[in-house]
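Asks: Starting from the known structure of chain G, arrange chain P on it as the hints suggest.
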Amino acid sequence: MPDGKHTREINVVVNGEPISAAVEDRYSLADFLRKVIGLTGTHLGCEHGVCGACTVLVNGDAVRGCLMLAVQAEGCEVTTIEGLANADGTLGKLQQAFMDNYSLQCGFCTPGILTTLTAYLRDHPDADEPEIREALSGNICRCTGYDTIVKAALSVAAEMKGARA
Amino acid sequence: MKPAPFKYHRAETINDATGMLASLDNARLLSGGQSLMAMMNLRYVMVDHLIDLNPVSELAGIRIDRDRVELGGMTRQRTMLESDEIAIRAPVIREALGFVGHVQTRNRGTVGGSLAHMDPAAELMGIAALYDAEITLTSTRGERTVSIADYPMGYMTPNIEPDEILTRVSFDLWPQGHGYDFREFAQRHGDFAVVGVGSQLTLDDKGEIDRAAVVLIGVDDGPVRLNDVEEALIGETPSDDLFRAAGSMAAKQEMMGDALITADYRKRVADAFVRRSLTNAAARAKEISHA
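Residue numbers (numbering that gives the first Met the number 0), protein chains in the order written: chain G, 0 to 164; chain P, 0 to 290.
Chain G extracted, bound-state conformation (with noise of 0.2 Å):
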C-alpha cells in the first residue's frame, strides 16, 4: 500500500471558471465538486455507474461523475447543474420545461437528467420520443415514471427546431 494520502494539483474550468485545487487521487470528480468547491448540486447515487444522478459534462459530453477521477478532469471544462442556468440567474430553457412540465418530485434524479438532456438536445435537436427515452435509459427516476420528463424534452426539441426553422 502507498504511504499516506496521495494529492495532486488540477487544474479545471467549471461552469466557466477557472479552479486550481488539491485533490486526492482516489476523489471521484463528484467527490471533488461536491467536497472541494461545494457544488452539491451533483447528486451521488449508486456511485458504481447506474443510477446516472452524478452526470455531468466535461468538455460538452455527458459521463459519469462517479466513474471519472478528479485528477482525469485536468485541463478540462465541466459544467454542472449549476452551470445551466442563463447568466442573470433565471432558468435555461429546459430547466423550465421541467417546471411548467412538472417533471420533477424529489429532484434527487434532476441533475443528471438535466445535464444528459442538456448534451442530448444539442447534439440531436430532432429527437424523437423514443430516441429521448433512450438518451434517459441511463438515468434512474423513481419518482415521476418518466412522461413528464420526456413530455418537458419534447418540448424543448420542438422549440429549438421552431428557432432553426
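Some hints could be false.
Some but not every residue of chain G turned toward chain P, in silico, with C-beta under 10 Å [what the hints assert, rightly or not]:
1. K4
2. E23
3. D30
4. E46
5. V62
6. C65
7. M67
8. E73
9. L93
10. A118
11. R121
12. R132
13. E133
14. L135
15. R141
Pulled a few chain G residues facing chain P out of the computed Cβ check, cut under 10 Å [claimed, not checked]:
16. G15
17. E16
18. A20
19. R25
20. T39
21. H42
22. C45
23. H47
24. T54
25. V57
26. D60
27. R63
28. L66
29. L68
30. Y119
31. A134
No wet-lab data here; the hints were simulated from the structure. The beta-carbon is built from N, C-alpha and C at its ideal position, and this holds for glycine as well.
Replies: For chain P alone, kept in the frame of chain G given last:
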C-alpha cells in the same frame, strides 16, 4: 464511498505505460473506467497504483486499410458508434454498440477496456468473435498477438499477462453487401444482456448462403461461436424453416444459469433470437457474384 487509497500515474505513451506496469507493484491500467472504477468504488478491486491510459493518444483511433480494420485499445465506444467508415463497412458494430451501456458510459468506455474486462455479456467480445479478431498485447518484453478463440481463459479472465497492455484489436472486414444483425434481450435498456446474438452472412449469385458467422453473448464466460449452425447454413437458400432449425440448434448449447435467469430461459431466448437475427441478416444481404 470511494476507492481505497492508491497513487495515480499518467501515462503519455505506450512505452510509459508498459514501463510503469512492469515496475510498479499491484498496479492496474485505467482505460474508460466504466467497469474498473465501479469495482474500485465498491472495493472489489484495490490497487496500489493506477496507470491512466487516457492521455496515450497513440492508443486511440480507427484505421481501415483496404479490407482490414485496426481499432486502438483506447478508441471510445462513442467514436466507433459515430464513425461513418464503421457504419458503412462494419454496420454490425454500430448495431451492437447501441446496446453497450448508455450514452454517458459510451462517452468514456473503450474497446480495449471492454475486451480486457471481459464481462460474459460484453457486446464487443461478441463482435470480436464474430470477426475472428486478433488481439495485440504489448509489454516491455515485446508484442504478441492472440486470436479471439484463444483469448478467454475463464470467467472474466482474458489471456493477458500482468505486464501486458491490450494495444489494439484487428480483423478482416466482410465484403460489401453482406447481411448482418445484432440484437439482445436485457432486463432494461443498456443493462447486461441475458442473451445477445450477432450474425453475418453472404449470399452467392444463386442466392445461397456461402459464408455465415453466428455468435452468442451472455450465455457463457466468453462469446460462443455457433460453428454447427454456421456449417448447416452453408449452401442453403434462406427460408423460415432453415432459420427455425438454426434457432433449435443454438438452443442445444450449454448455457449458464444465475440467480435471476435460468439456463433453460436463456436457451429459449437464444432459439428465438438466432432465428430472428439470421432472418434479418438474410433480408439485408445482397447477392454477391464471385465471377
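Asks: Now tell me if each hint is right for this structure.
Replies: Consistency of the hints with the structure:
1. K4: holds, 7 Å
2. E23: holds, 8 Å
3. D30: holds, 6 Å
4. E46: This hint holds: E46 (chain G) lies near chain P, its Cβ roughly 5 Å from the closest one there, short of 10 Å.
5. V62: Holds, because the Cβ-Cβ distance from V62 (chain G) to chain P comes to roughly 5 Å (cut-off 10 Å).
6. C65: Holds, about 7 Å.
7. M67: Holds: closest Cβ of chain P sits about 6 Å from M67 (chain G), inside 10 Å.
8. E73: Check passed: Cβ of E73 (chain G) comes within 8 Å of chain P, closer than 10 Å.
9. L93: At about 16 Å, which exceeds the 10 Å cut-off, the nearest Cβ of chain P leaves the hint on L93 (chain G) violated.
10. A118: holds, 8 Å
11. R121: Check failed: Cβ of R121 (chain G) comes no nearer than 12 Å to chain P, outside 10 Å.
12. R132: holds, 8 Å
13. E133: Hint on E133 (chain G): holds, closest Cβ of chain P at ~6 Å, below 10 Å.
14. L135: At about 9 Å, which falls below the 10 Å cut-off, the nearest Cβ of chain P leaves the hint on L135 (chain G) intact, so it holds.
15. R141: violated, 13 Å
16. G15: The hint is violated - G15 (chain G) has no Cβ within 10 Å of chain P, the shortest such distance being about 21 Å.
17. E16: violated, 23 Å
18. A20: The hint is violated - A20 (chain G) has no Cβ within 10 Å of chain P, the shortest such distance being about 15 Å.
19. R25: holds, 5 Å
20. T39: This hint is violated: T39 (chain G) lies away from chain P, its Cβ roughly 16 Å from the closest one there, beyond 10 Å.
21. H42: violated, 13 Å
22. C45: holds, 9 Å
23. H47: holds, 4 Å
24. T54: holds, 5 Å
25. V57: holds, 8 Å
26. D60: holds, 5 Å
27. R63: holds, 5 Å
28. L66: holds, 4 Å
29. L68: holds, 7 Å
30. Y119: holds, 7 Å
31. A134: holds, 6 Å
Going through the hint list in order, the structure does not satisfy hints 9, 11, 15, 16, 17, 18, 20 and 21.
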